[in-house]
Amino acid sequence: MSRRVHRSLWVWLGAGLAFLYIPIVSLVIFSFNSSKLVTVWAGFSTRWYGSLFHNDQILDAAGLSVRIGFISAALAVVLGTMVAVALARFGAFGGRALLSALSTAPLVMPEVITGLSLLLLFVAMEQAIGWPAGRSAMTIIIAHTTFSMAYVAVVVQSRLAGMDPSIEEAALDLGARPGKVFFVITLPLISPALVSGFLLAFTLSLDDLVISSFVSGPGATTLPMVIYSKVRLGLSPEINALATLMVAIVGAGVVIAGILMNRAEKARIRDEQMALAGDDLPAANPVSQA
Amino acid sequence: MSRGSQLPLGDRLAAGPRGLTSTLAQLPPLRLLLNALARLPLSGHHAVIGLPYLWLGLFFLVPFVIVLKISFADQLIAQPPYSSLVDLATEGYISLKLNIGNYTFLGSDPLYFNAYLKSVEIAFCSALICLVIGYPMAYAMARSDPAWRGVLLMLVVLPFWTSFLLRVYAWIGLLNNNGIINNVLIGLGLIQEPIVMMRTNFAVYVGIVYSYLPFMILPLYSTLEKMDLTLLEAAEDLGCRPLKAFFTITLPLSMPGVIAGFSLVFIPALGEFVIPDLLGGTETLMIGKVLWDEFFSNRAWPIASAVAIAMLSLVVVIMAVQKMLAKHAEASQ
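Residue numbers (this note's numbering), protein chains in the order written: chain A, 1 to 290; chain B, 291 to 623.
Take the hints with a grain of salt, since some may be wrong.
To be verified - Taking lysine to aspartate or glutamate and the DMTMM-like style, the derived pairs with C-alpha atoms no more than 20 Å apart in a straight line are:
hint : chain 1 : residue 1 : chain 2 : residue 2
1    : B       : LYS408    : B       : ASP583
2    : B       : LYS359    : A       : GLU126
3    : B       : LYS534    : B       : GLU523
4    : B       : LYS534    : B       : ASP518
5    : A       : LYS266    : B       : ASP435
6    : A       : LYS266    : A       : ASP164
7    : A       : LYS180    : A       : ASP164
8    : A       : LYS230    : B       : ASP583
9    : B       : LYS408    : B       : GLU573
As the list claims (entries may be wrong) - So the derived label-pair ranges between C-beta atoms look like this:
hint : chain 1 : residue 1 : chain 2 : residue 2 : range
10   : A       : SER51     : B       : LEU615    : 46 to 54 Å
11   : A       : PHE183    : B       : LYS534    : 50 to 58 Å
12   : B       : PRO484    : A       : ALA133    : 50 to 58 Å
13   : A       : PHE53     : B       : ASN467    : 26 to 34 Å
14   : A       : VAL5      : B       : ASN467    : 35 to 43 Å
15   : B       : LEU344    : A       : SER51     : 27 to 35 Å
16   : B       : LEU344    : A       : GLY130    : 18 to 26 Å
17   : B       : GLU523    : A       : GLY234    : 55 to 63 Å
18   : B       : VAL474    : A       : PHE53     : 29 to 37 Å
19   : A       : GLY95     : B       : THR572    : 46 to 54 Å
Because the hints were derived from the structure by calculation, they are not lab data. Ideal placement from N, C-alpha and C gives every residue a C-beta, glycine not left out.
Model the full structure from these sequences, guided by the hints.
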């Protein structure tokens, strides 16, 4: 339902969106600047993209970040989905409140605290049982999985809550085992949430500077850590070029994912409506024929 | 897992998930755990609840106990740089030594208290500014043509998907003395000398409001969109002026969104490190940056832990207040 609102509100909305996009646009524009001075326009050039692709430090870090992102997002999807299923489908069980609290707490925890506490855990564990020996990509993966599984749990839980449980109940009534019901019925229905949960976890991992800085060791330098050390020394046109590439990839990815999910959702709603409409047609419904 | 295992990570991935689990299963603690689990009479339900429980317990709950423990330890010049609390004394007694010196130190040095207060002030004001900017935006979005809502929503969310660090970096280019904003203003002849904006509290506010504005808009939008507009029509029919209708109907009904948005900005802004570090100057002391410096520059692990505990208690108090307010807002509807 839409309602007429005052014109000044549209101006405000436009100005607010401009505020959100001006910094990103300025990054993109000045990535094509030929001068080393990032903020003074000297002519169009793609030289910074060339030097970016020859910067091994940035490329190695980007590769490591993508690997860490993939593994931690995959782990987060599995664990986060388990939390969501337990909270949304298992009814009351002992320790439900604690699980709910534990799984949402990482969302509000300041990053410096999560980072510090995990590092102290890894040091204490190394002293006590010798594992993990030193900090590496492994410790970053554990840290990222821990905070991003909370986001996955929230996304999947809201999808499960909005889902009609009667299909699952019907399958259970017909004698399917709970595990089978989950994999054959629930999983396909929540797959859009799993995809967005994965993308969210991957983005959070790829973006994290603070927690990675705490739990990483020598040899495991992620992309945000490299960017941070460069940015601290001042503006760098290579970073602008990198930012432009990331904006382009993420922008394209989000738009494509949005369109695909929208289409899948529409198809699902159409199918459901057809299935419901089918009830009215006696020929399509063997039960009413009998 | 040995130090050398950093490199073969890719190889192990290439070996596929079975390769990864077999390497994981070879680790002594995990192998013991898996063997123990295999012997228990477990159903699928237990595994679905138990696995995330184990993970969160080990990697989220236990770490806080350790932080709490180390906040009571002495600073040592050793690896790791803190003392152990429990000692096996010579007569076979166990002695527990709690050092509250770290906390009294935090209380006695005004640096920490000022940073604490300044963080609360900056986070609170930023959340308020986000509310003032974000509410009209969310309102306009929620009352727009339904066909447009998806696009507008995507426009608000999209910046969130691009790197936070790079978006903060972009503001350095905009706010610098020889940055884009000053260049434009000088070019237009509006100012002669550049305005100093970088490394001030102003830059920190801009950075926080900019980064967290979407977190304010999203919950506001979802409550405003769900609102029953017939209430407003009824008020109008009865002669209520639009502005009065807004303050007596729309605003109270959107309170849950206001509370959610406010805490989604306030809490992360409180512990923010990147923004005060990159945009702030010496006048901007925020508690997240203090913790970072204690840890990385001074290697003062016990002090950093005490700062973390102080910060955590604040977050817990804020969460409790937020829960109370949310309950109150819900009850009054």
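For each hint, the structure was consulted:
Distance restraint check for LYS408/B and ASP583/B: the Cα-Cα separation of roughly 17 Å lies within the 20 Å cut-off, and the hinted pair is therefore satisfied. A C-alpha spacing of about 17 Å is found between LYS359/B and GLU126/A, which places the hinted pair at or below 20 Å, so the restraint holds. Taking the CA atoms of LYS534/B and GLU523/B, the gap is about 13 Å. The hint holds against a cut of 20 Å. Using a Cα cut-off of 20 Å, the hinted pair LYS534/B and ASP518/B holds, with the two alpha carbons roughly 17 Å apart.
For the proposed pair LYS266/A and ASP435/B, the alpha carbon gap of about 19 Å is at most 20 Å, so the pair holds. Of the supplied pair hints, the one linking LYS266/A and ASP164/A holds, its CA atoms being roughly 16 Å apart against a limit of 20 Å. Simply put, LYS180/A and ASP164/A have alpha-carbon atoms about 18 Å apart, close enough for the 20 Å limit, and the pair holds. Using a Cα cut-off of 20 Å, the hinted pair LYS230/A and ASP583/B holds, with the two alpha carbons roughly 18 Å apart.
Between the alpha carbons of LYS408/B and GLU573/B the distance comes to roughly 10 Å, so the proposed pair stays at or under 20 Å and holds. Here the CB-CB span from SER51/A to LEU615/B is close to 52 Å, well matched to the stated 46 to 54 Å. In this structure, PHE183/A and LYS534/B meet the distance hint of 50 to 58 Å, their C-beta atoms being roughly 56 Å apart. Between PRO484/B and ALA133/A the CB atoms are about 52 Å apart, so this pair conforms to the stated range of 50 to 58 Å.
Distance hint for PHE53/A and ASN467/B: a CB-CB separation of about 32 Å, consistent with the stated range 26 to 34 Å. For the pair VAL5/A and ASN467/B, the beta carbons lie near 40 Å from each other, so the given range of 35 to 43 Å is met. Here the CB-CB span from LEU344/B to SER51/A is close to 47 Å, at odds with the stated 27 to 35 Å. Between LEU344/B and GLY130/A, the C-beta spacing of about 20 Å keeps the proposed range 18 to 26 Å intact.
Checked against the given bound of 55 to 63 Å, the beta carbons of GLU523/B and GLY234/A, roughly 57 Å apart, stay inside it. Distance hint for VAL474/B and PHE53/A: a CB-CB separation of about 32 Å, consistent with the stated range 29 to 37 Å. Under the hint 46 to 54 Å, the C-beta atoms of GLY95/A and THR572/B, about 48 Å apart, fit the expected range.
Comparing the model with each numbered hint stated earlier shows that hint 15 is the single one that does not hold.
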